[in-house]
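A.B. asks: Start from chain A and add chains B and C according to the hints.
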Amino acid sequence: MDPKRKSNLIVSIASGKGGTGKTTVSASLACVWKKPVLAVDLDVEEPNLHLFLNPEISHQEKIYLETPVVDESKCTLCRMCSDLCQFQAIKVMGETLLTFTEMCHGCGGCLAICPEKALSPGQRELGILSQGSSLGKISFLMGSLRVGEAMSPPLMTIVKKRMMEILGKERADAIIDAPPGVSCPAVCAVMDSDLIILVTEPTPFGFHDFRLAWESFSSMGKPMAVVINRAGLGDSSVYRFCDEKKLPILASIPYDRNIAQAYSKGQVVARLSPELEHKFSDLARELQGYDREAAYA
Amino acid sequence: MRELIVISGKGGTGKTSLTGAFAHLDREKIICDLDVDAPDLHILLSPKVILQEKFISGNEAVIDQDKCQSCGTCAEMCRYDAISFKDDKYLVEPLRCEGCKVCVSFCPEEAVEFPPRYCGNWYVSSTRFGTMVHAQLFPGAENSGRLVALLRQKARAKAKEEGRNLILCDGAPGIGCPVISSLSGTDLAVVVTEPTPSGLHDLMRVAELCSHFKIRVAVIVNKFDLNQEQTSKIQDYCRKNSHELVGNIPHDDIFTRAMVEKKVVTEIRDSNMALMVKQTWEKISDLL
Amino acid sequence: MSRIAVTSEGPTLKDMVDPRFGRAGGFVLVDPETMEHEYVDNGQSQAMAHGAGIQAAQVIADSGAKVVLTGYVGPKAFQALRATGIKVVQNLDNMSVGEAVEKYKSGHVDYASHPNK
Chain A
3 MDPKRKSNLI VSIASGKGGT GKTTVSASLA CVWKKPVLAV DLDVEEPNLH
53 LFLNPEISHQ EKIYLETPVV DESKCTLCRM CSDLCQFQAI KVMGETLLTF
103 TEMCHGCGGC LAICPEKALS PGQRELGILS QGSSLGKISF LMGSLRVGEA
153 MSPPLMTIVK KRMMEILGKE RADAIIDAPP GVSCPAVCAV MDSDLIILVT
203 EPTPFGFHDF RLAWESFSSM GKPMAVVINR AGLGDSSVYR FCDEKKLPIL
253 ASIPYDRNIA QAYSKGQVVA RLSPELEHKF SDLARELQGY DREAAYA
Chain B
131 MRELIVISGK GGTGKTSLTG AFAHLDREKI ICDLDVDAPD LHILLSPKVI
181 LQEKFISGNE AVIDQDKCQS CGTCAEMCRY DAISFKDDKY LVEPLRCEGC
231 KVCVSFCPEE AVEFPPRYCG NWYVSSTRFG TMVHAQLFPG AENSGRLVAL
281 LRQKARAKAK EEGRNLILCD GAPGIGCPVI SSLSGTDLAV VVTEPTPSGL
331 HDLMRVAELC SHFKIRVAVI VNKFDLNQEQ TSKIQDYCRK NSHELVGNIP
381 HDDIFTRAMV EKKVVTEIRD SNMALMVKQT WEKISDLL
Chain C
1250 MSRIAVTSEG PTLKDMVDPR FGRAGGFVLV DPETMEHEYV DNGQSQAMAH
1300 GAGIQAAQVI ADSGAKVVLT GYVGPKAFQA LRATGIKVVQ NLDNMSVGEA
1350 VEKYKSGHVD YASHPNK
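Protein chains in written order, with this note's numbering: chain A, 3 to 299; chain B, 131 to 418; chain C, 1250 to 1366.
Isolated chain A, as found in the complex (with noise of 0.2 Å):
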């Protein structure tokens, strides 16, 4: 672990399946949180915190990826490049050097490779990364993915790196919400986290996900923890499986229909009534009170 933010908690807020309350559960513990706290929203595909939150973006700008860009008049055609490119992105077409800017993963390889120097680094429009706060207690930062934009781990990867930077600086605890999923995107929310919350539903799809995300994200040796949304739906599956993985269900919020009337309204869940508060702030606590140290040994 980076020693530079030992006081530092990353909390992420995971699920597998999608709409089973991760940004209610990020948007309310950010809200009750105790210490200064920053709010990253990394589902950059559909990010939807900030329409809880409402922040006030002080800051925004557009994230690049690096993609090769070719002086034809000192290319030798000798194909180093395309030959090392996996995603072809790069091709001699006759007596051309073609480049498909849309496939290239910003490797870097081709740039390094070529002999002549003929290639230099150009862009492409990943998405934009907005930076506020909330509340004037909240630290926000989102990333969002452009239309159009087929890969999604560039984005995060450069808004995880801002998330690290504000951190250094501020003493703040993170708590990001993850998009949901069990592959690439979802990893790459939640690596670089201490914790991860996988918040589920009790009902086949809530579980089966919720087993598919719990396989993915355990082979990281990050301590995990459960919060159940819309407890008291379904069935008994998810219960069993957390006392028999010895997961913890650090909270439960009933499925109750007025519950879903203020989200479809955009309130924060924890601001619904002090029994909702109560359980929010408890489960931040615990969260709080987390011994790193000791989960990892």
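These are computed hints drawn from the structure, not numbers from a lab.
In this text, a Cβ means the ideal position worked out from N, Cα and C, and glycines have one as well.
There may be inaccurate statements among the hints.
Partner residues aside, some chain A positions facing chain B, computed with beta carbon under 7 Å [as the list claims (entries may be wrong)]:
1. Gly20
2. Gly21
3. Thr22
4. Leu53
5. Ser154
6. Pro182
7. Val184
8. Val189
9. Ser266
Across the chosen pairs, the derived CB separations fall in these ranges [unchecked claim]:
10. A:Ser75 <-> B:Ser341: 35 to 41 Å
11. B:Glu391 <-> A:Ala152: 34 to 40 Å
12. B:Glu292 <-> A:His61: 52 to 58 Å
C.D. replies: Just chains B and C now, kept in the frame of chain A:
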């Protein structure tokens, strides 16, 4: 042959429950689950696997410790921070490796191997509603866009073989690689949304993506009675952008009850919901 | 007349045209005058993660063929073929490789100006 995909942008709006019901209502189709990352349709359809194949895609770097001289070139050049130095050894973290081959090419000792990556499995199965093509990526694997393309190819071949005129696909959430891949060649995208700020926000992004690829959009508002004001906003948005509104489905836990019984909602007899879903499917069929 | 490339499900003139360009089973390279032909396998494209169409375009460019007969070509492959001056005839499926070449020789085909996929 027509191809239809059910997507949502935001997860958990009810895509898969509705796709399962549509699979029940249409007799002349091949079913295809394109959410290869966290697929759920099989939970409703209990497929019997007829064919299972490995999905191998791309390569990954592996350092041969006998040859490695610890010069650090690989770690320095890797733009994905996938190579770390631990216990006097350079090691590739598979979850971070992009498979770009830069470390393989620049290693002065030729100490980096580059084996193909076994990313998951794909299946052709039979279900009570017909043939289904589906897959499961291994946890943490990547390249789901390529697997999506492969499944669609297989579904087309199956449709041709069985003389079916429709491929009914359940899509992934989001707007990235797997969704883009699942849109290519589709005739109609049915977007299932909900009357919440997230539902509308994500609908707008995914509909913009469809328009970018010139794909027609139809919209279903699930749980429409949860917030009439938001539902009106969605309806206005659809009208302004000429997206066909094909259904308003009320908030009802009958979907979950059906799911627990491993059934689709139209299999629950004498329910009002079954009728509403059927009417929605008829409207969609008219657009195909 | 220079050679033409036909996307094919197999190595002979009797095999069917593979409607896919990038992920075609292979390419039959035909001399339209003598009908002499050779086969280039494209099976490895099935396992490719990305850009099979671009890769296939390079195979065709390297073969020296100046015309491609096929079913569907995507935008990136089309761009690649066009950059090398290779002409594309699309929508030729449901026929054998030999029939596609005859159709081409009879002049009843149009060169595509846009990709059809």
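A.B. asks: Now tell me if each hint is right for this structure.
C.D. replies: Outcome of the hint check:
Interface hint status for Gly20 (chain A): upheld, as the beta-carbon distance to the closest one in chain B is roughly 1 Å, under 7 Å. Checking Gly21 (chain A) against chain B: minimum C-beta separation of about 1 Å stays under 7 Å; hint holds. At its closest, the beta carbon of Thr22 (chain A) sits 6 Å from a beta carbon of chain B; the interface hint therefore holds under the 7 Å criterion. For Leu53 (chain A), the suggested interface contact is upheld, since its CB lies about 4 Å from the closest CB of chain B, less than 7 Å.
Because the closest C-beta pair between Ser154 (chain A) and chain B is about 5 Å apart, less than 7 Å, the hint holds. Of the supplied interface hints, the one on Pro182 (chain A) holds, with its beta-carbon coming within about 4 Å of a beta-carbon of chain B, less than 7 Å. Annotation: Val184 (chain A) was flagged as interfacial toward chain B, and the flag holds, the nearest CB pair being 5 Å apart, inside 7 Å. This hint holds: Val189 (chain A) has a C-beta 5 Å from the nearest C-beta of chain B, less than the 7 Å allowed.
For Ser266 (chain A), the shortest C-beta to C-beta distance to chain B is roughly 4 Å, which falls under 7 Å, so the interface hint holds. A hinted range of 35 to 41 Å for the beta carbons of Ser75 (chain A) and Ser341 (chain B) is consistent with their spacing of about 39 Å. Taken as a hint, the range 34 to 40 Å holds for the pair Glu391 (chain B) and Ala152 (chain A), whose Cβ atoms sit roughly 38 Å apart. For Glu292 (chain B) and His61 (chain A), the Cβ-Cβ distance of about 56 Å falls inside the hinted range of 52 to 58 Å, so the restraint holds.
Checked against the numbered hints listed earlier, the structure breaks none of them; every hint is satisfied.
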